[in-house]
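Construct the entire structure; sequences and hints are all you get.
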Amino acid sequence: MTNHWVDIKNADLVLVMGGNAAEAHPCGFKWVIEAKKDRKAKLVVVDPRFTRSAAVSDYYAPIRSGSDIAFLGGVINYLLTNDKIHHDYVKAYTNASFLIDEGYKFEDGFFSGYNPEKRSYAKDTWKYQTDKDGYAKVDPTLQDPRCAFQLMKQHYSRYTPELVSKVTGTPKDAFLKVCEHIAETAAPNKTMTICYALGWTQHSVGSQNIRTMAMIQLLLGNMGMAGGGINALRGHANVQGITDMCLYSEVLPGYLAAPTDADKNWAEFVDKRTPKTLRPNQMNYGQNFSKWATSLMKAWYGAAATDKNDYAYDWLPKKDAAYDVLAIFERMHQGKMNGFLCQGFNPLASVSNKKKVGDAMAKLKYLVVIDPLATDTSEFWKPHGEFNEADPAKIQTEVFRLPANLFAEESGSFTNSGRVIQWHWKAADGPGESKGDIEIMAGLFLKLKEMYAKDGGKLPEPILNLTWPHRIAAKPSPEELLMEISGKALGEVLDPKDKTKVLAKPGEQLAGFAQLRDDGSTACGNWIYGGCWSQAGNLTARRDNSDPSGLGQTLNWGYAWPANRRILYNRASCDVSGKPWDPKRAVIKWSGTAWGGNDVPDMRPDAAPDENVMPFIMTAEGVARLFAPALAEGPFPEHYEPFETPLDRNPFHPNNPKAVSNPAARVYKGDMEVFGKAKDFPYVATTYRLVEHFHFWTKHARINAVLQPEQFVEIGEELAKEKGIANGDKVKVRSNRGFIKAVAVVTKRIKALDVDGKKVHTVGIPLHWGFKGVAKPGYITNTLTPFVGDANSQTPEFKAFLVNIEKA
Amino acid sequence: MQVTRRQFFKVCGAGLSGSSIALMGFSPAPALAEVRSFKLARATETRNMCPYCSVSCGVLIYTTGDKSKNAKADIIHIEGDPDNPVNRGTLCPKGAGLLDMVKSPNRLKWPEVREPGSSEWKRISWDDAISRIATHMKKDRDANLVEKNAEGVTVNRWNTTGFLASSAAGNEAGYLTVKILRGLGAVALDTQARI
Amino acid sequence: MALQSLDIARRSATTTPPPAVRETTEVAKLIDVSTCIGCKACQAACMEWNDIRDEVGTNSGVYDNPADLTAKSWTVMRYAEVEEKGRLEWLIRKDGCMHCADPGCLKACPAPGAIIQYANGIVDFHQENCIGCGYCITGCPFNIPRISKEDSKAYKCSLCSDRVAVGQAPACAKVCPTGAIQFGSKEQMKDYADKRIGDLKSRGYDKAGLYDPQGVGGTHVMYVLHHADRPELYKGLPNDPGISPLVSLWKGFAKPLANVALAAVALGSLFHYVTKGPNEVSKELEDELEKEDAQ
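First to last, the protein sequences are chains A, B and C. Letter by letter, the first sequence follows residues 1 to 808 in my numbering. Letter by letter, the second sequence follows residues 1 to 195 in my numbering. Letter by letter, the third sequence follows residues 1 to 295 in my numbering.
Rather than coming from a laboratory, the hints here were simulated on the basis of the structure. All of these numbers come straight from a predicted model, not from anything done at the bench. No residue lacks a Cβ here, since even glycine has one placed at the ideal position from N, Cα and C. Some hints could be false.
[As the list claims (entries may be wrong)] What follows is a set of in silico ranges between Cβ atoms, one per label pair, in the way DEER data are often shown: (1) A:K501 - B:G65: 46 to 56 Å; (2) A:P506 - B:A143: 53 to 63 Å; (3) B:P82 - A:P280: 44 to 54 Å; (4) A:P506 - B:W126: 29 to 39 Å; (5) B:S68 - A:H470: 24 to 34 Å.
[Said to hold, decoys possible] Quick look at which bits of chain B chain C covers, simulated, 3 or more residues with Cβ under 8 Å: (6) 72-83; (7) 89-100.
This is the structure:
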């Protein structure tokens with residue numbers, strides 16, 4: 001979230017699309033209800049199903065799953081055609097005025113630079129025109145036909161209400177009604193917040209779904225404002241924190257792009273990641289990369305990391321290929337992996353194409369499951385009737401199952417969706433011999449270290465030199481670890497403006513990431529968490545919930561990264577001269593000498609407005625990007641069909657069969673072949689959560705099993721009638737990868753849609769069942785889902801695929 | 001008003017038996033009207049956080065005992081923390097049912113192994129489990145860690161053992177996990193956050 | 001609003017006047033159906049707080065689970081898909097005891113002290129005094145109490161009298177994530193309802209209103225309904241509930257009549273009570289009535 005949970009109450013319009021906050025985040029959704037009650041805000045829901053969120057909405061519009069870019073592109077076209085944008089904001093704070101390379105173009109579904117064999121783009125034309133100083137050229141009048149604004153206008157002029165309706169199935173009048181609601185927030189003192197979740201990410205165009213919305217929020221001037229922003233409602237209690245710690249292959253803690261084979265040494269590694277400033281006077285905060293990276297290496301390797309040895313750069317593993325979860329299972333399926341550890345993760349249930357995942361794990365030498373619960377994954381080898389057919393005798397994988405503690409049984413911090421890091425305290429011991437994840441990981445590591453110290457082996461240095469500054473080696477404390485994450489001084493940290501002034505003495509905790517240095521004098525495990533444990537102590541444990549501004553900022557409750565800032569880009573909540581666009585909801589303002597107010601300014605505190613330092617300090621140009629070259633499938637989002645589409649074409653590019661689905665998405669051999677076709681699988685399926693359950697966990701909890709005991713699927717009355725299915729009948733749902741059986745819930749809440757001249761039905765598939773648990777055993781729904789992900793994030797396409805349904 | 005003969009008798013009989021019994025002093029003892037006693041009166045309260053979605057609601061965990069040496073703290077009730085600015089004491093049906101997650105009959109209590117081809121779990125000690133797993137890991141790492149790529153660039157990567165991290169673990173466990181794994185050279189590393 | 005054990009307004013089948021000197025604030029729970037998302041947090045919190053766990057049931061083609069109130073499900077959500085003026089509405093209502101000011105259950109109850117109405121308005125069942133006759137069900141205009149198969153006693157929502165007694169809100173009200181359930185004094189709840197009704201009217205629900213049915217003297221669980229003119233849309237919420245005719249009959253002419261004309265039956269039942277305990281009285285009486293019915 002660029003904003004945070006409580007801030008939703010400051011919105012004038014809440015758009016719930018690509019998510020179902022009432023269902024998946026009820027306690028966060030309370031702030032939607034508060035906005036309605038106290039601000040007279042409106043709630044608009046766009047979803048394939050009339051959801052629990054829709055039940056309390058002011059307006060609901062249906063949409064075909066997998067067509068959100070068509071809808072949102074139509075909104076952009078509406079805003080531009082009807083001149084419903086926040087002009088001053090767009091002009092000053094976005095790259096609307098930036099001139100784009102003459103070679104950039106978009107034709108027949110492809111952007112310039114497409115290579116169909118590699119299924120990827122060369123991005124050399126997706127860039128700004130630059131002047132002799134390397135700065136981007138701009139046209140502040142926005143009239144130049146090569147400026148981002150004009151190119152955007154041209155790009156979305158194709159997204160007419162008629163075509164939008166034809167692709168999305170949303171009736172034209174409903175689409176226009178939603179546009180009218182959204183357009184009202186173009187007024188400088190009106191804001192819309194968007195609450196989305198996996199309904200946007202779990203598509204082969206997931207990242208671009210979100211980007212389209214980000215463009216809308218920029219056009220409306222809603223970024224940085226109280227009650228505005230782009231708000232990803234994340235799934236797990238600490239999914240934000242784990243993402244920030246970067247337990248994935250592409251990045252190191254704090255989103256530092258991980259080294260690859262192309263980064264031959266430290267200098268190259270740092271240089272490639274340090275952006276060149278693209279406009280005069282901009283902060284371009286990313287240029288501090290070397291300080292963050294050096295401090296990380298000092299945290300990990302301490303005295304063994306010096307400027308003489310490139311801060312132990314050689315010990316960092318270099319990435320040669322994709323290692324996202326789909327890639328990992330693909331490699332495993334190809335027999336390229338020997339071992340696999342799952343920590344609190346149930347991939348047999350959570351990852352696409354259960355059969356492929358199960359077959360892959362059967363090829364491992366060893367599998368380790370670290371979990372509080374007896375997960376389905378831990379018993380992938382065991383027959384569980386019709387729900388898991390397996391032959392243990394044929395599976396040679398050695399499987400270990402280690403009992404882990406739950407939240408109640410350990411202290412530590414979680415980071416919520418609004419980036420607020422909060423400490424929690426242990427209440428009781430876990431059952432039996434269970435241990436915390438920290439102790440389990442420490443145990444494994446210390447054993448390996450002991451073995452390498454004693455027996456030697458390949459490259460023992462990074463193992464033997466990894467810092468381990470823990471009072472009880474076998475049981476590092478969460479306090480010690482959070483202090484390491486936050487950062488400390490190793491040498492004296494001096495004030496760059498006045499070298500006689502010592503900001504931190506050796507051994508002291510640092511006040512924040514501004515004190516990090518690239519000379520080895522600081523150590524910090526994750527720069528964005530810098531300062532969460534300062535000399536003042538553990539700021540994540542603060543419990544002062546006072547809210548003097550009434551905006552719900554609670555600046556002394558826990559600690560928000562970065563720098564305890566609650567609303568990102570809050571400089572953009574003021575006009576160029578530093579006055580709030582909406583004085584009634586002022587986040588910060590320029591006092592004449594400094595920025596300040598009801599939040600930690602997202603700006604150099606003394607940057608006077610006439611210095612022209614723009615609000616988006618993490619971009620090299622200082623402004624937000626309407627034209628964004630970073631994404632894999634194009635600088636402007638374009639509608640592509642899901643890989644399993646009920647249509648035989650992309651109505652935006654009816655004559656280009658190669659532009660039906662995302663041209664830049666990665667598809668593995670063998671997976672392309674098992675994509676279903678509409679003639680065999682005519683219905684659009686979408687998987688989702690129910691409010692009564694949490695993933696595959698609460699099927700183990702009695703209360704939740706009572707509330708929603710048995711697996712079901714939802715279909716509309718019309719489809720039920722066509723198929724002779726009565727409410728409560730058992731049905732079989734098939735995709736090209738397998739089938740599940742479940743009870744049919746026949747409902748008015750799912751309607752057939754008219755799409756490109758066809759009637760399209762939706763089959764809704766809640767995901768919570770499996771063969772282990774106290775709820776009634778059920779099929780794993782990911783038996784059905786396709787093994788393909790978004791081209792940027794590789795998040796699997798769980799939200800739009802094809803099935804058939806029949807009475808079981 | 002339609003009253004059947006049966007209903008008439010039912011009413012007369014019921015009312016009569018009740019009133020007459022009480023009139024004659026047969027009120028059952030003890031006090032008639034005490035409410036159920038408040039079950040948390042001297043329980044210990046601990047501030048914690050719901051482990052489910054990313055709203056991260058504050059919760060109060062109630063345990064038996066006063067943390068004295070011989071009184072084993074047992075979790076008996078969990079409800080919302082009214083001080084938490086986001087949930088303000090409220091919870092969803094998952095959070096409200098947390099007690100049954102903590103007490104799930106499917107909690108794992110000790111390390112187990114299922115050996116190749118076997119159809120059963122076997123209980124093992126922690127020492128045994130850690131040694132056996134570390135032996136697997138070291139063997140694989142020593143055999144498959146790539147020190148230099150084809151161009152002779154030092155890459156030091158180990159990609160034949162993979163790791164999937166939880167989104168339910170705390171920041172500290174997550175950080176320690178990534179530090180250890182990168183230290184071992186792991187690149188086949190991903191998290192629930194991807195999904 | 002603390003509830004003390006002696007602040008009793010009425011006791012079932014008891015003529016001793018309750019103590020009446022202290023003045024207690026009347027409490028109420030307000031269920032604002034227009035902000036309810038049907039998440040069942042109230043059901044979960046109710047089970048958790050009251051240490052009851054219903055059976056893991058089945059799905060019968062609807063979201064309602066458990067399918068009905070039981071001795072272990074004191075509140076359930078009821079879901080209705082209604083099409084109004086071409087617009088779909090998913091009306092979701094939390095069902096459970098209404099804590100009537102004039103409680104039919106209490107009036108019908110023959111077991112002394114099995115049903116208590118506290119001065120703050122809570123109507124509570126005391127299972128140790130319950131004889132399992134089921135007359136409370138007959139007496140209830142909302143069809144709420146249920147007899148347990150395990151111990152043959154009647155159960156229903158207590159409005160968490162144990163929590164209210166120590167100054168806490170009922171578990172369902174505290175937990176409700178959207179604030180659709182509010183708890184406070186009855187006066188506060190009516191004021192709050194007014195505000196909500198105003199908001200709903202401004203959003204086009206002309207018939208929005210408060211459900212506090214006067215046929216039972218008003219209730220201590222009230223609803224804000226978007227369609228207050230048609231409570232039946234909400235899965236059969238009674239339009240104009242009153243105390244069951246049976247109970248009214250008993251209160252009116254049947255009581256004296258019974259005392260005189262059916263003294264023999266009374267003596268018989270008293271005898272049974274003394275010798276065999278309450279449950280069997282009920283059984284005996286039921287059998288007698290069954291026999292007469294069959295004739």
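Hint check against the structure, violated hint numbers in rising order | 2
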